[in-house]
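Chains as they are written, first to last, in full-length UniProt numbering: chain A, 1 to 248; chain B, 1 to 458.
Keep in mind the hints are simulated off the structure, nothing from the lab. Computed from a prediction, not measured in an experiment: that's the story for all the values here. Fair warning: there could be bad hints in the mix.
Claimed, not checked - Reference listing, derived: stretches of chain B covered by chain A, where coverage requires no fewer than 3 residues with Cβ under 8 Å from a Cβ of chain A:
#, stretch
1, 427 to 441
2, 445 to 458
Said to hold, decoys possible - To list a few chain B residues with every Cβ distance to chain A over 12 Å, as calculated:
#, residue
3, THR134
4, VAL154
5, PRO208
6, LEU233
7, ASP394
8, PHE402
9, ALA404
10, GLY408
As the list claims (entries may be wrong) - Stretch by stretch, here's where chain B covers chain A in the computed footprint (C-beta under 8 Å, at least three residues):
#, stretch
11, 64 to 76
12, 106 to 120
13, 197 to 205
14, 210 to 224
Just so it is clear, CB atoms sit at the ideal spot from N, CA and C, and this is done for glycine as well.
Spelled out from the first residue to the last, the chains are:
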Amino acid sequence: MAQGLGTAARAQHSRGSGTALVPASSVSFRAFFWLVSLLLSSLIWFIAVKASDPQDERLQKGLLIFGVMFSVLLQEAFRFLYYKLLRKAIEGLVALSEDGCSPISIQQMAYVAGVGFGLMSGAFSMINLLADALGPGTVGIHGDSQLYFLTSAFMTMVLIFLHTFWGILFFHGCEHRRWWEIAAVIIMHLTVSGLSFCNPLYVGSLVPSYLLMAAAAAWAYVLSGGSAQNLRRFLLCLRSGASPQPGS
Amino acid sequence: MITFMNNSDSEEEPCNERTSLMSAESPPVPSYQDGLQASAAGEAQAHRKRRAGSSRGPNNIAGGEMSGSGVPVRESALENEEEELTLKYGAKHVIMLFVPVTLCMIVVVATIKSVRFYTEKNGQLIYTPFSEDTPSVGQRLLNSVLNTIVMISVIIVMTVFLVLLYKYRCYKFIHGWLILSSLMLLFLFTYIYLGEVLKTYNVAMDYPTLFIVIWNFGAVGMICIHWKGPLQLQQAYLIMISALMALVFIKYLPEWSAWVILGAISIYDLMAVLCPKGPLRMLVETAQERNEPIFPALIYSSAMMWTVGMAKPDTAARGPSQQTWDAAEDGREHLRSPSHAESQMSETRSPVPTHPITSLEELEEEERGVKLGLGDFIFYSVLVGKAAATASGDWNTTLACFVAILIGLCLTLLLLAVFKKALPALPISITFGLIFYFSTDNLVRPFMDTLASHQLYI
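Same shape as in the complex, but just chain B (with noise of 0.2 Å):
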C-alpha cells in the first residue's frame, strides 16, 4: 500500500490514472505459476469485465483517504478526476470492444452464407438430446425447452464443480483441463473448419501441406494463448477460436433450442452474476479473498495495462490495493461463463491470459484494457450466426441483429460506468438481439420486401 500511495502522492494527475489503472487491472500475472491461478480463476473471470469505470473510483478515493495530509481536498478533486475518468474510459472501452465483437460476428456470418457445411443438419450435441422432428409445434416447443433444460442444467453443474475446484485450490487439474479444451480447439476444428472451406471453394491441398499449415496454426496458437505472444496475435487467435466455437454450435444446435437457450443463458447470466449467492460471484470473492487474479484464461483483453518499475513491489501493491478496491466494490461484471458448458460440450477452452506477458517492467503507454470473457463472443456471434443462417436469405435481419448487440454492448458498458457494480454483459445484447431478429424476420422483411419490389424509398 505504501508503494501505491507513494506513487499517487508523487503526482497528480498521471499518477491517480496509474494507480488506478493499477488497481482497477487484474495484476499481470508475473510468473507462470501464477498464470495457472489465473486459469483456475478463468472461468468466473469470464465475467470479468472492464473495471474500468467500477475500480477506479474506490482506489481514488480509498487512496485519497489513506494519503493523509490535504486529504478532504484531494478527495473531491479525486472524485471528479475520477468521473471524468470512468466518462473517459468508458466510451474508449466501448470502441475497443466493438471492433473484436465485429469481426468475430463477421468471420462467422462469412462462413455461414459461404460454407454450407455448417448450415447442415448432421446430428445434435449429446447436450440436446431432444430431437426437434416433431410432428406438431407444441411437441417441438416442449423439446426446445428440454433441451434447454438440459444444457443449461449442464452449464450450472460444470460452473460450480468448477468452483468447487477453485476453491479446493485444484489448480492443475483446471490448467489442465483448459490445455487440452485449446488443443480441441487450435487442432481439431480447424483441420474440419479449413477442410470445408477447401472443400467449398474446390481448392486442392495435399496431406504434408496441411499438416505443416495446422500444426503451426495450432502451435502458435498454444503458445499465444498460454504462455507470450504479442497482443494482436492473441486477440486474433481468440476471436477466431470464439468463431470457430460458435460456427459448432450453429450446427449442433437445432433450430428452436438455439433461440430459447440464446434466451435461458441470459437470464442465467443475469441470476449467476447479480445474486448474492450465485456460483459466478462466488467464484470472484474466493478469488477476492485469496487476492488472486481471477481467471486470466478465457478472456479478451483489447489492451495490456503496464506498470512503471512495478517488478516486485509491483505483487505487494497489488495485493493490498486489490484489497481496497475489493472491499470497496460488489464484484465485478460478470462475463458469461458458457466456457465452463462449451468446454464441457465439446471439451474446448480457450484459456487466455489476460496480460500477454512481458514483465512489468516495462512501462508502455497506460493503456486501459478492457476485458471480455469469450463466452460473451461466442454467445453474440451464435446470435448473428443463427439470424444469418436461418433469416431466410435476408441480410436485413444479420444486420439488424449485429446493430443490436453492438448498442446491447454499448448499454452494458454505460450501466457499468453508472453503476460502478458487476454487470452481466449478455443479458441487453441477446435481449435486443432476439427482439430484434424476431421482429425483423416477420415484420420488417415483407414490408421492406414489398418496397424493393415496387422500388419505393423511406
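So here's chain A without its partners, still in its complex pose (with noise of 0.2 Å):
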C-alpha cells in the first residue's frame, strides 16, 4: 500500500494533470480505513449486544454509549495508522525521487486524508436519510423532532468539516510530535460525538460542534502557514480586483 500512495504522490510530480490523482486514490484508501475502523466497532459493539439482556433499557443505552466512544477511539487509532503508513510512502518517495524532495506534502496528505475520513463518514450517516426523504412519509409523526433532517444535514456537515480539520491537526501533531495536539484532537471528536447525546436538544449539540469547528479551522489555518495577515490580504485583494494572492 505504501508503493500505492507512492505512486499517487509520484504521479502529481510528473505530469501536471496528474495533480487529481493523488487525492482521488487517497481518498478512497482513507475510506476504507475509516471503513475497517467502524467495521471493527461495530463487531465489538454487536457482540456486547448478543451477549447482554436485549430488555434492559440503561444496559443497552450504556452499551450505546460505550459503543460510540468505543468507535471514536478507533477511528483516531485508524487515522495514526494511516499517518504511518503515509510516512513511509513518502519516504519511499523521496528515495525515488531525482532531486531528493517530496511531490507532495505531508500537509497535503492531511487534507486529502481528513476529507477521505470526513467524506466516508457523512456519506455513511447521511445516505439512508437522503434515501428515506425521498419517499412519503411525514417526519416527526410520532412526536418526535420535525427537524430530524434537517439538523442530520448541519450535524453531518459540522462533522465533514471537523474531520478534515483534525486530519491537519492531528499530523501535525505526529509531525511534530506534540503529543497534545494529538490528545486534543481525540478530545474533541470525543465531545462532539459525546455532545450528540444531547440530541434531540439540538441547542446542546449542534451550537457547540459549529463552535468547535470554528475553532478547529482557526488552529489548523495556522497551523498550515496562514495568518491573520494573510486572510486580510486575501480578503482585501479580492475586494480591491487584483489579482488575488492566495490567503495560505
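Each of the two chains sits in its own frame; use the hints to bring them together as a complex.
Structure below.
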C-alpha cells in the first residue's frame, strides 16, 4: 500500500494534470480505513449487545455509549495508522525521486486524509436518510422532532469539516511530536460525539459543535502557515479587484 | 528491432517511454484481419492487464542491452527511469480505471433500485439448474454449491474450447461467435432494458420510435465495438454492455448461488492465471509465440496508444519488441474471462477492439492505455448490484462494497506495478467486496441504525 500511495504522489509530480490523482486514490484509501474502523467497532458493539439482556434499557443505552466511544477511539487509532503508512510512502517517494525532495507534502496528504475520512463518515451517516427523504412520509409524526432531516444535515456537515481539520491537526501533531495536539483532537472528537447524545436538544449539540469547528478551523489554518495578515491580504485583494493572492 | 532501437537511441526519456509504451501495448490492429485474430485471443485478453509497468521494465532493459555503446550506464539510468515510469503510470491507471468501473456500478445500482424487473425472481438460467426454494438451510446451501460447480465447469469448458479454437486458428468461428453475442446484447437486451425502464416510469413509446432508437443504438454499437469509432463512444458502449450483462446475472442468479459463484470465480481466476497449466496462461503464451495481439476484444481500453511514424515498421518492430517483452515476462495480468462463460450463458459477447481504430501514422499524445477485461466490470457490478438488491434497502452496504471493490482494484494495480507479473484482477476486489458485504449487512447495519434512530454521531 505504501507503494501505491507513492505512485499517487509521484504521478502528481511528473504530470501537471496528475494533481487530481493524489486525492482520488488517497481518498479512497482513507475511506477504506474508516470503513474498517467502523467495522471493528460495530463488531465489538454487536458482540456486546448479543451477550447482554435485550430488555434492559439502561444496559442497552450504556452499551451504546460504550460503542460510540470505542468507535471514536478506533477511528483515531486508524488515523494514526494511516499517518504511519503515509510516512513510509513519502519516504519511499523521496528515496526514489531525482532531487531528493518529496513531490507532495505531508500537509497536503493530511488534508486529503481528513477529507477522505470526513466524506466517508458523512456518506454513511446521511445516505440512508437521503434515501428515506425521497419516499412518502411525515417527519416527526410520532412526536419526535420535526427538524430531524435539517439537523442531521447540519450535523453531518460539521462532522465532515471537523474531520478535515482534525486530519491536519493530527498529522501536524504526529509530525512534530506534539502529543498534546493529538490528545486535543481525540478529546474534541469524543466531545462532539458525546454532545450528539443531547439530541433532540439540538442547541446542546449543534451550537457547541459549530464553535468547536470554528476553533479547529482557525487552529488548522494557523498550523498550515496562514496568519491574520494573509487572510486580510486575501480578502482585501479580492475586494480591490487586483489579482488575488492566496491567503495561505 | 532496429527501428525500435533507433528510436530509443536517438532521444532520451521521451523515447524510452515511447518505445516502452509501444512494446507494452498490444499493437493497434492495423487491419481488420488482425482484428479477427485479436478477437480470437480476446478471451485470454480479457485477462490482459495494464502492462503498465510490467512490460516497460524488461523492454527498457533489453533495449539498453542491445544498444551497445554506453549500455551499462544507460541500463542503470533506464532502470531508475523505468521505476519512476512504473510508479507514474501506475497511479494514472488507477484513476483511469476508477471512472469506468464507478460508472458501470452506478448504472447497475441505479437500475436495480428503480426498475423492479431486475429484482424479481423469474426463473433461472440453465447454468444454475438447482432451485433454491428448498425447506432447509442445508439443502439450500448444497444446491447453491452444486449450482456453482455447474457454472464454473461451464466456464472452464468454454475457456478450454476457446483456447483450442485459438490454438487451431479457427479465427472465423471465434469472430462469428463474438459478433453474434454482441448483436444479442446490443439489440435484444437493450430492447428488454428499455422496455422495463419505460414501464417503470410509465412513459409511452410507439413502436416506430422504439425501432429507430434501438436500431441506431445497436448499429452504432456494433460499428464502434467491432470496427472504428471514437474512443469515448466505444468506452461508453462497453460500459453499457457490461452493465446489461451484470443486470442479467443479478436477475437470473439465485441468491446464495450468486455469492458462492462470485467467490468461486475469483478462485478460478487466481488459478487460471497463476498456474502454469491454466487455460488463460496457455492462451496468452500461444498468442505470444505467434506474436499476435491477444484479444483486443472484450477489453476495455481507456486510452489509445499511438506511435509516431510507425505505420509499416511498426508491425515489424512490434514483433521483436513484443518478443523481448514476452520473453522477459511471465505473462500478463489476466482479467476475468467469464466472457466465455457469459457468452455461453446468454450468448452475449462484447468484443472490444483495443485500439479504436485509426492508423498508426497519426501521433497523438502518448497516452498510456489501461486495459481491463469486461468480465471484471461485469463481476464487480454484479457484486455491487446484488448488494444493492438484497441488503434490506440499505445504502451503507452498497457504499461499503463499492469502496471495497475500488480499493481491491487499487491494490491489484499496485501489486502489478510491484511484481511486474501477471496477476488476476478479480480475487482481491471480490474478496474485499464479499467480506464487506457480509460484515456491513450483519454487523454495521444494526449499529448504524441504532445510532441513526437516536441521532448519535460517531
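Now for the hints, and whether the structure bears them out:
With a cut-off of 8 Å between beta carbons, the stretch 427 to 441 of chain B has 3 residues touching chain A; three or more are needed, and the interface restraint holds. Coverage of a stretch by a chain is defined here by at least three residues with a beta carbon nearer than 8 Å to that chain's beta carbons; for the stretch 445 to 458 of chain B and chain A the count is 11, and the condition holds. With a closest Cβ-Cβ approach of about 28 Å to chain A, THR134(B) is found to remain outside the 12 Å limit, as its non-interface label requires. Annotated as non-interface, VAL154(B) keeps its C-beta farther than 12 Å from every C-beta of chain A; the closest such distance is 34 Å.
Every Cβ of chain A is farther than 12 Å from the Cβ of PRO208(B); the closest lies at roughly 35 Å, confirming the non-interface assignment. At roughly 23 Å, the least C-beta separation between LEU233(B) and chain A is larger than 12 Å, which holds for a residue marked as non-interface. Consistency note on ASP394(B): stated as away from chain A, yet its beta-carbon is not over 12 Å from all of that chain's, at 7 Å minimum. In this structure PHE402(B) is not separated from chain A by more than 12 Å, as the shortest Cβ-Cβ distance comes to only about 10 Å.
A cut-off of 12 Å between C-beta atoms contradicts the statement that ALA404(B) is not in contact with chain A; the least separation is 7 Å. Residue placement check: GLY408(B) does not keep its beta carbon more than 12 Å from all beta carbons of chain A (closest about 10 Å). Check result for the stretch 64 to 76 of chain A against chain B: holds, 6 residues qualifying (beta carbon to beta carbon below 8 Å, three or more required). With 1 residues having a Cβ less than 8 Å from any Cβ of chain B, the stretch 106 to 120 of chain A misses the three-residue criterion, and the hint is violated.
Remark: the stretch 197 to 205 of chain A is confirmed as covered by chain B, as 3 of its residues place a Cβ nearer than 8 Å to a Cβ of that chain, reaching the required three. A stretch counts as covered by a chain when three or more of its residues have a beta carbon under 8 Å from one of that chain; for the stretch 210 to 224 of chain A and chain B the count is 0, and the coverage is violated.
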